[in-house]
Amino acid sequence: MFNWLEGQQYLDTGWVGVFATLMVVASILFNIRRAEKGGKNLFIRRIAGLNAIDDAIGRATEMGRPVLMVPGIGALDAISVQAVNIFAQVTKSAAQFSTPVRLCCASAAVYAYAQEVIRDVYTEQGMTDRFLPETVQFVSDQQFAFAAGVSGMIHREKVAATFLLGAFYAESLIFAETSNAVGAIQVAGSTQSTQTPFFIAACDYVLIGDEFYAASAYLTRDPVLVGSLVGQDWAKIFVACTIMLGTLGLSAELTQMTSTHRSGNKMVEVSESSEGKRTEERKKGADTVVSRIFKPYIPEEMTKDRFTREKKPVPEGAEAGGE
Amino acid sequence: MNLNYDVIKITAGVIATIGLYSILYKENRFYRLFEHIFLGLAAGYTIVATWKDTLYPQWWQKMMGQAATADAPAVPGYWIYAALLPIGLLAYLVFNKKHNWMSKIPIGVILGLWSGQQIQVWWNTWGPQIFSSMQPIIPTTFSPLNVPSTMEAVGGKVLPIADPDRAAAVQQQITNNLFVTQALTNFIFVITFISAFSYFIFSFELKGKLMTGVNKFGRWMLMIGFGAIFGSTVMARFALVIDRMAYIVIEWVQALTRGA
Amino acid sequence: MNLFPSMMAQVVEESFFKKVPGPGLYGLLALGLILGIVLCLALSRVPSNMRRWVIVGFTFLAGLPYVAAYLWPTPVAADFQTEIPRNGVEKVGFFLNQAMDPVGTITNIIQGFLLGVGFYSLVRIHYTKVKRRQENWGFSIVLLTCFVLMAVIGLWDWQMRTFVDTTGALNVRDNWTAVNYIQDFLFEGIYQQMDSAMFSMIAFFILSAAYRAFRIRSVEATVMMASALILMLNLMGALTFAQGNAIESLAANSNNMFLMNFKINTFADWLRSTMQIPAIRAIDFGVGLGALAMGLRLWLGLEKGGVT
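First to last, the sequence lines map onto chains B, F and D.
Each number in the numbering used here comes from the position in the first sequence (counting from 1) with 39 added on.
Each number in the numbering used here comes from the position in the second sequence (counting from 1) with 3 added on.
Each number in the numbering used here comes from the position in the third sequence (counting from 1) with 305 added on.
Here chain B stands alone, though its shape is the one from the complex (with noise of 0.2 Å):
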């Protein structure tokens, strides 16, 4: 199996990795296909955060005050993308009852993006005026600088809602706690696991890990988002069940006896490890067939230069790698 290519392989993972990359991949392509095909209502359970976002707009709405709502701190990535697409359905129903949105971004590039995205809701709703220079800010991108400014703003504009869906830090506290205080009510949701029980302790409703990638399927219910919805869930139900046979074929086998032992690379016979004393020993974890798939065995003759390749010449003048 390894001699795949001679010289070439998969090291680090063998075929499992790149085969269940490629599977995950697959069952979101498919699935995104079959949505966009069959285009019938999937069902996507019920998520408590999202159902909120009218009530806290109704409120703003009613007390005259505005929403603020905030993609967490981190760079442009797919999560501050996530969140700006977020605020963008949350926008849509603020400008329906010209409600003021504040967006506050603490990267450049996310700023960018969502000036971009949240104006293109303006447009579509045709009240582009208004959309001014507040309503999507940047305030800085250094972490408590950024706490600090967005506590003012809280305080100084009396918030009525916020929404604080992303990748936050320690500031996640700051900025629940600061809300709390105005009386505003909190719609919150953070990659970081570490920040959300924080979160959950301080906020009014909690978007819990996962509930965020699929909070656009679920306002949305856009055909390619909730495809790949459930293109993870087939993802995550093969993974259960990889961990549960995986856990079961573990177990039955490390009440086996083995005579040769794994050691890294190397197969190791118990007589000799054992000084002759024994010739027959319990498998140990690294001796399973679970550990050979996931920590493929790769043959020692393998990892040393079975190849002799040619060295470049080195320019003179030159210094090797000069970067």
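Think of the hints as simulated: they come from the structure by calculation, not from any bench.
Below, simulated DSS-like cross-link-like pairs (lysine-lysine); rule was C-alpha separation at most 25 Å, straight line: (1) Lys160/F <-> Lys568/D; (2) Lys334/B <-> Lys322/B; (3) Lys100/F <-> Lys434/D; (4) Lys29/F <-> Lys434/D; (5) Lys334/B <-> Lys323/B.
Here are some chain B residues pointing at chain F (derived, C-beta under 7 Å): (6) Gly56; (7) Ala59; (8) Thr60; (9) Phe82; (10) Glu155; (11) Ser179; (12) Gln181; (13) Gly188; (14) His194; (15) Val269; (16) Asp272; (17) Ala279; (18) Ile282; (19) Phe333.
A few chain D residues facing chain F, derived, Cβ under 8 Å: (20) Lys324; (21) Phe418; (22) Phe424; (23) Val447; (24) Leu454; (25) Ala533; (26) Ile535; (27) Arg577.
Source: prediction; values computed, not measured.
For each residue, glycine too, the CB sits at the ideal point set by N, CA and C.
Chains F and D: place on chain B using the hints.
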């Protein structure tokens, strides 16, 4: 000069700290002043840090190379890096009504790089964790039920087993066996993982007593996990307050008394 | 498009993409700049129905090297810097592996260029406040002043430390000039202290959050706070010491070593390794899968309202 400078510096720091703390009472002009100073300084510092840590070493130096000196050969520069500048600057078109779509090009490049990376690192991050979630749940011995202790009671005190042969034998027994209590712990581990995991299945309606029960149990397990994080973080945060208090009380007072 | 040439990095000798400083390099630098500008101008003429594909194309090309490097078999026991690949498959493997480094820096560089977009927003809001004498405009002046001061002084200080003082004399305070003093005062004296102050304030918020959480009378909140309490007690040295001693003497007197498991430290460790780790892993795994799915959708341009 130095002594006076230290006093001024620490005093300014203390006033700034108190200024920010004042928001705990209520929002006031004093807080507002320091908030704006903080934001201004942070913005200025970001410019310096971005140039110093990112653009200068990763872009400018690589692009310009380095001329040969007496003891080092020349380092060639990659001229193509110059083309990144106009592409990056396309983002500024976000404020332009006609060409604002082009601002999505640099954003797309950043997101594309990020996405490619996710596909690359996914298994390397999660594969080992899937593997380590599989834990043996069948005990290999039923006597004793729990892991034998490496300690013993000697004259009303608990000490490590003194007799080396017996200590080695106990150690051997522990490494060679999976005891019932260990198997039970592993079983709880796997069940916790599976039930917490089932909470994040969105597209299947969980019907029946068993499934809703597992789901509910999963949520409880999540709450235990969150509580544990909460509890372990609280102490670390208090250490920060104590550090600040030490700064105000000890360092400042020391500087003042030395300065006087 | 500009990605591929930059992948040629790490080639030791001078090449078409890599020149020793001199007129040749400066000419090519100008060429690179012009090429970039021409590319941008050409893009600005793309008809509106093709624009989506331009953005999708850039996104796809940016992500491609990583995916290709993952899927292409990695050459075994190879030193990418000094060795020559033996065959075509290895050649691609070498190329992709060497490309990772320069491709990775592109994100940082472009994010760096984008910084100005954010500052434009910041300055515009505060400048307007000052101009229109809106509420709190005085504070906006303070902000803008601090911004300019810190940027100028910071860069000046950096320039002195990098180019003027090559021997590291400025690391000693006796050699400082006024610029270094102001930089130190602004950064170490004020900025850093404010940063720590803001960070430490979380402790007060944790108290009020915990107080409210304890008051919620739901089973879930109780479960969470009970587990939080155990972990908190576990970190209180005096308490764990006293409880540990009590358990030890109990175990010694009854000669039952199993009791040792009821030490609060042992129990807290058990709670973490048996319940916290799998529960949090379950969450993180879902989040990781969500990120992968989102990455895939962004990369292939499937996300509506996303990049396209």
